[in-house]
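Enquirer: Listed below are the residues making up each chain.
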Amino acid sequence: MRWVERFRMAMLMLFRRKAETERLNRELEFHLEQQIAENVAKGMQPEEARMAALRLFGNPTVLRDEARSSWSWNWLEGLWRDARYGLRTLLRSPSFSATAILVMALGIGASTSLFTIVRSVLLKPLPFREPDKLVMVYEHFRRDTKYSYNPVAAADFHDWREKTHGFQDMAAWRWWAGAITTDSGQMPEVVGGAAGSWNLFSVLGVEPALGRTFTPDEDRIGAPDAVILSWSLFQSRFNGDRSIVGKAVRIDSKPYTVVGVLPKSFTYPDPEVKVWIPYATAFEPDELVAHDHHQSHVVARLKKDVPAAAAIQQVSALQYRMHMADLTKPVAEDAVMRPVIEDVVRDVKTPLLILMASVGCMLLIACLNVSNLLVARGASRRREVAIRGALGGSRLKLIREQITESFLISIAGGLLGVLLSFFATRWLATHWQDLPRADAIQMDGTILVFSAVIVFLSALAAGLAPAVSSTGSNLLSALQESSRALGGGLSRASLRKTLLAAEVTLTVVLLISAGLLFKSFMHLRSSDLGCVTDHVLTMRYGLPDRDYDTPGKIVGFHEALLEKVRNLPGVVAAGLVSTAPGAGYESSRIFAIPEHPSNGELLNQDAMTRKADPGYFNAIQIPLLQGRVFTTQDRFDRSNYVVISKLLADQHFPGESPLGKHIKIEWDQKSESSMEIIGVVGDTIYEIGEPIKPMVYFPLLSGATTETTLVTVVVRTAQDPLALATPVQKQISSLDSQIAVNRVLTMPQIIGNATASKSFSTSLVLAFALLSLMLAAVGLYGVLSYLVQQRVAEIGIRMALGAQRSEILRLVLMDGMRPVLFGLALGLLGGAVAGMLIKSTLYGTRPLDPIVFAGMIGSLVLTAAMASAIPAMRACRIEPTQALRTE
Amino acid sequence: MGKPSDLVQGTLDLLILKTLSLEPKHGWAIAKRIQQISNEVLQVQQGSLYPALHRLEQQGWIRAKWNESETGRQAKFYSLTAAGRAQLEKEKESWKRLSTAIDVVIDSL
Numbered sequence: 000m001r002w003v004e005r006f007r008m009a010m011l012m013l014f015r016r017k018a019e020t021e022r023l024n025r026e027l028e029f030h031l032e033q034q035i036a037e038n039v040a041k042g043m044q045p046e047e048a049r050m051a052a053l054r055l056f057g058n059p060t061v062l063r064d065e066a067r068s069s070w071s072w073n074w075l076e077g078l079w080r081d082a083r084y085g086l087r088t089l090l091r092s093p094s095f096s097a098t099a100i101l102v103m104a105l106g107i108g109a110s111t112s113l114f115t116i117v118r119s120v121l122l123k124p125l126p127f128r129e130p131d132k133l134v135m136v137y138e139h140f141r142r143d144t145k146y147s148y149n150p151v152a153a154a155d156f157h158d159w160r161e162k163t164h165g166f167q168d169m170a171a172w173r174w175w176a177g178a179i180t181t182d183s184g185q186m187p188e189v190v191g192g193a194a195g196s197w198n199l200f201s202v203l204g205v206e207p208a209l210g211r212t213f214t215p216d217e218d219r220i221g222a223p224d225a226v227i228l229s230w231s232l233f234q235s236r237f238n239g240d241r242s243i244v245g246k247a248v249r250i251d252s253k254p255y256t257v258v259g260v261l262p263k264s265f266t267y268p269d270p271e272v273k274v275w276i277p278y279a280t281a282f283e284p285d286e287l288v289a290h291d292h293h294q295s296h297v298v299a300r301l302k303k304d305v306p307a308a309a310a311i312q313q314v315s316a317l318q319y320r321m322h323m324a325d326l327t328k329p330v331a332e333d334a335v336m337r338p339v340i341e342d343v344v345r346d347v348k349t350p351l352l353i354l355m356a357s358v359g360c361m362l363l364i365a366c367l368n369v370s371n372l373l374v375a376r377g378a379s380r381r382r383e384v385a386i387r388g389a390l391g392g393s394r395l396k397l398i399r400e401q402i403t404e405s406f407l408i409s410i411a412g413g414l415l416g417v418l419l420s421f422f423a424t425r426w427l428a429t430h431w432q433d434l435p436r437a438d439a440i441q442m443d444g445t446i447l448v449f450s451a452v453i454v455f456l457s458a459l460a461a462g463l464a465p466a467v468s469s470t471g472s473n474l475l476s477a478l479q480e481s482s483r484a485l486g487g488g489l490s491r492a493s494l495r496k497t498l499l500a501a502e503v504t505l506t507v508v509l510l511i512s513a514g515l516l517f518k519s520f521m522h523l524r525s526s527d528l529g530c531v532t533d534h535v536l537t538m539r540y541g542l543p544d545r546d547y548d549t550p551g552k553i554v555g556f557h558e559a560l561l562e563k564v565r566n567l568p569g570v571v572a573a574g575l576v577s578t579a580p581g582a583g584y585e586s587s588r589i590f591a592i593p594e595h596p597s598n599g600e601l602l603n604q605d606a607m608t609r610k611a612d613p614g615y616f617n618a619i620q621i622p623l624l625q626g627r628v629f630t631t632q633d634r635f636d637r638s639n640y641v642v643i644s645k646l647l648a649d650q651h652f653p654g655e656s657p658l659g660k661h662i663k664i665e666w667d668q669k670s671e672s673s674m675e676i677i678g679v680v681g682d683t684i685y686e687i688g689e690p691i692k693p694m695v696y697f698p699l700l701s702g703a704t705t706e707t708t709l710v711t712v713v714v715r716t717a718q719d720p721l722a723l724a725t726p727v728q729k730q731i732s733s734l735d736s737q738i739a740v741n742r743v744l745t746m747p748q749i750i751g752n753a754t755a756s757k758s759f760s761t762s763l764v765l766a767f768a769l770l771s772l773m774l775a776a777v778g779l780y781g782v783l784s785y786l787v788q789q790r791v792a793e794i795g796i797r798m799a800l801g802a803q804r805s806e807i808l809r810l811v812l813m814d815g816m817r818p819v820l821f822g823l824a825l826g827l828l829g830g831a832v833a834g835m836l837i838k839s840t841l842y843g844t845r846p847l848d849p850i851v852f853a854g855m856i857g858s859l860v861l862t863a864a865m866a867s868a869i870p871a872m873r874a875c876r877i878e879p880t881q882a883l884r885t886e
Numbered sequence: 000m001g002k003p004s005d006l007v008q009g010t011l012d013l014l015i016l017k018t019l020s021l022e023p024k025h026g027w028a029i030a031k032r033i034q035q036i037s038n039e040v041l042q043v044q045q046g047s048l049y050p051a052l053h054r055l056e057q058q059g060w061i062r063a064k065w066n067e068s069e070t071g072r073q074a075k076f077y078s079l080t081a082a083g084r085a086q087l088e089k090e091k092e093s094w095k096r097l098s099t100a101i102d103v104v105i106d107s108l
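Protein sequences, first through last, are from chains A and B.
The numbers in numbering that gives the first Met the number 0 rise by one with no breaks, and the one at position 181 of the first sequence is 180.
The numbers in numbering that gives the first Met the number 0 rise by one with no breaks, and the one at position 17 of the second sequence is 16.
Calculated directly from the structure, the hints in this document are not laboratory data.
Incorrect hints may have been included.
As the list claims (entries may be wrong) - Cross-link-like lysine-lysine pairs, in silico, DSS-like; alpha carbons within 25 Å at most: (1) A/41 x B/31; (2) A/17 x B/64; (3) B/24 x A/41.
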């Protein structure tokens with residue numbers, strides 16, 4: 000009951016405040032009249048009665064205020080008053096307000112955007128059932144220190160699943176790709192895919208949107224081919240036609256029955272995976288039972304009552320037994336695990352955190368800057384504040400008023416910032432290549448709450464120091480201080496200098512981090528691939544294994560194509576290779592050298608493998624160092640030769656010629672053929688940013704089935720390489736219209752793609768750093784202008800007493816540079832720490848890179864000097880006579 | 000008759016509630032009534048009466064209504080709500096406890 004009453008009153012007070020005020024006045028008036036009437040009744044004259052009543056009544060205004068102070072919503076009224084007051088002061092200096100709001104908007108907008116991305120990518124649970132119960136299980140080789148998470152061999156996975164019971168269930172998948180053709184006459188399209196074990200979707204807890212997932216019977220070699228489509232392919236290629244379920248589609252010219260369609264939210268392991276086939280059907284029979292072919296990813300669901308450590312311990316123990324069972328092959332010793340989410344975001348976690356940190360720095364700099372601007376304004380309002388304090392304005396009220404101002408700035412900046420970040424986030428999500436879970440990025444209530452908190456904190460950060468300092472207890476001195484007083488406001492100047500030093504410190508930290516990242520990035524971009532990169536076009540095509548099932552057919556196609564391409568106008572040279580330099584890992588195999596007695600390190604020797612035709616090395620200008628490359632005579636059965644890279648020769652044939660020696664390595668489904676080394680060629684980089692690995696080239700013209708069907712044609716051209724993209728594609732489809740072409744790229748594009756993500760995050764950090772530098776410059780300029788203004792009279796006297804203009808210049812410059820240098824020193828320390836923290840992402844540079852440090856110090860000092868120059872010049876142009884006369 | 004005593008802190012609410020427990024009254028009448036009943040010992044100042052009335056109203060213990068006064072003018076009449084009646088009992092209770100305690104202390108010395 001009482002609550003109803005109170006609520007009624009609260010509403011009344013909120014919405015009928017004016018009417019209530021009127022009533023209060025009438026109530027008090029009534030009281031006064033009663034008093035007068037009583038006085039008259041006692042025999043006073045009306046006028047006298049009125050005076051007496053008023054005397055007794057006291058100050059009606061105070062009485063009214065006191066009565067009102069018991070009403071609810073008083074705080075709101077006070078807030079509204081403060082806000083109106085703050086708004087008026089802000090509108091009085093629009094340029095200051097606009098600057099401050101813009102600075103805040105940038106800081107808040109950038110933090111909101113980054114937080115949106117960090118939350119969606121790193122923090123939101125994956126769209127699986129109980130995702131925190133899911134882990135990825137990997138193999139681990141004890142000799143491997145850099146990559147502790149090794150893909151799993153199919154046989155290992157099967158044994159883990161059957162022989163251990165710590166996990167509720169385990170499922171596996173491997174990457175796969177195929178060219179899909181439909182009867183509708185569309186061009187064949189190469190789609191990324193994956194092969195997943197039949198229980199994968201139930202382990203993940205994902206229900207198909209249409210149809211069903213795989214059955215155990217489909218997940219075996221020789222089973223009728225089945226495929227599950229991703230939602231995006233279902234929409235783009237089949238226009239969302241539900242009747243596709245149960246029908247056949249052709250992938251690599253083989254018919255696959257569509258059994259289901261996955262939900263839209265399912266983009267695991269990445270959005271490029273558009274078709275799923277059963278796990279076992281993506282293997283050769285011998286691969287499926289091998290413990291040394293590592294290609295699969297294993298997802299496991301934890302049991303409720305078995306701790307993760309115990310479960311993985313069981314698997315690891317089993318893995319060690321398997322390792323001991325065959326010491327001649329690379330079978331891993333241990334099994335390790337990590338949460339699925341970490342697996343998905345591993346490449347972007349560090350860059351995102353770096354970006355988040357730099358945005359945080361920038362926001363802090365923005366706050367410091369606004370704080371600095373507010374201190375400057377506080378200085379000019381010092382007397383007003385002092386007078387109000389002297390008249391009884393409580394300190395808390397004065398502080399509240401000033402903070403309200405910084406709140407208004409922050410709120411306006413926040414609104415603008417959220418608007419900005421709405422667009423910025425969308426832009427980031429679409430332009431950041433290889434960002435996992437980009438589809439999940441969206442702004443929502445949590446983000447708005449986050450921005451509100453940021454606005455609140457920024458307002459406090461920016462407003463507290465100036466407000467507290469400007470309402471300090473030395474009211475009297477402020478009142479006594481005349482504008483002629485020298486050295487006035489020195490303490491406030493020192494506050495500003497402290498803020499400035501802090502600003503410079505943060506800026507230097509940002510600059511150094513950005514510089515280091517930028518230098519790494521430049522190193523990556525200019526990586527020497529080991530071949531020519533100008534005027535080279537590459538494109539990949541795959542011959543369907545079903546149609547090209549003999550060496551003759553395969554080599555026939557490749558040679559016919561090369562013949563046609565070489566005859567195209569503008570083509571200088573053309574060749575074929577399985578994977579172009581910089582285009583990725585492909586595969587690596589262990590090998591032995593029969594001429595060298597085994598020294599027990601067999602398992603430590605592995606080499607990248609490539610297949611190349613005779614013309615490849617010349618086409619892309621990989622230098623021949625010893626011996627010869629393949630000839631067109633080395634084909635089919637007469638092709639038991641390999642070409643090795645310089646690093647392999649240096650490592651394994653030091654001081655001797657490798658020519659004529661042999662390499663025992665798995666090739667063409669015959670395990671461990673012994674192949675003669677006929678030549679040594681220069682090293683090439685397989686992946687930008689990774690160290691060079693030893694490489695073995697097999698002859699492509701052997702026509703080994705399934706090994707030589709997926710190739711990249713490399714074309715060196717006289718003019719613009721991309722102009723030849725269509726002609727070369729036409730030659731391919733004129734030979735076989737069912738063959739799909741993909742990855743049509745020039746070498747610079749390959750490098751660009753490999754570094755795109757780095758380029759993106761580096762440019763962002765660099766942009767934040769430059770913005771911070773600008774903010775610091777604005778701050779410095781503001782402080783110095785203020786100081787000069789304060790010291791006009793002093794400078795006038797100095798000049799009148801004979802000070803040289805150059806001395807004045809030096810005086811002002813030193814005043815500005817001191818906090819800068821102090822901040823610089825601190826910032827260098829911070830920068831060194833930041834450099835250590837981002838060490839793992841650096842390439843070709845180190846945390847204490849002298850060039851980066853020197854460059855950043857230089858640019859900061861230069862900017863600071865420029866920002867100080869203008870007020871300093873103004874100071875030395877002061878006319879002493881005029882300065883002394885100004886009051 | 001000596002100087003009117005100032006009210007003991009916090010007792011004004013109790014006095015107002017008690018005064019209103021008989022019948023609705025306006026501010027002036029409340030002050031007069033307290034003064035009369037206490038034989039002019041307790042003087043209620045306007046400066047504390049009206050803030051107290053408004054506070055009690057915000058608390059939901061009393062309710063205000065505009066009515067015609069004895070003199071025919073519109074006046075704001077306050078009356079006790081059910082919650083106010085309960086509150087009055089509580090305040091009476093605690094006042095009795097307090098004054099008894101004070102009596103005991105004073106008598107023992």
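Enquirer: Looking back at the numbered hints, which does the structure fail to meet, lowest number first?
Expert: none
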